[in-house]
Amino acid sequence: MTAAVRQQLLDQNEGFEKKTRDEQKNFTEYRRYRITGGQLYIRVSGKTSWADSRYDDDERLATDEETHRFLYKYKGELNTAGL
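In case it helps, my numbering puts the sequence shown at residues 1 to 83.
Each statement offered as a hint is correct.
Capping the alpha-carbon separation at 25 angstroms, the derived lysine-lysine pairs in BS3-like fashion look like this:
(1) K75 x K19
(2) K47 x K25
(3) K18 x K73
(4) K18 x K75
(5) K47 x K19
(6) K73 x K19
(7) K47 x K18
The set of hints was computed from the structure by calculation and includes no laboratory data.
Start from the sequences and build out the full structure, keeping to the hints where you can.
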């Protein structure tokens, strides 16, 4: 997927949000993906089995690699008209 195609997908999917949950033994992680302003943002939170092990990271801009993986993985849920 070229950079131009990635940018077109981001632009035509303004406002798209996806929430995921990864649950394993003694570990749960939640991710919130949001497309706004032609960019992908990610917020990660979770917990482990330790009492003080909760975390909630601030929303951040996704890297080019993260953006590529996200768009490829969820392209079936995105507006891909004209590509």
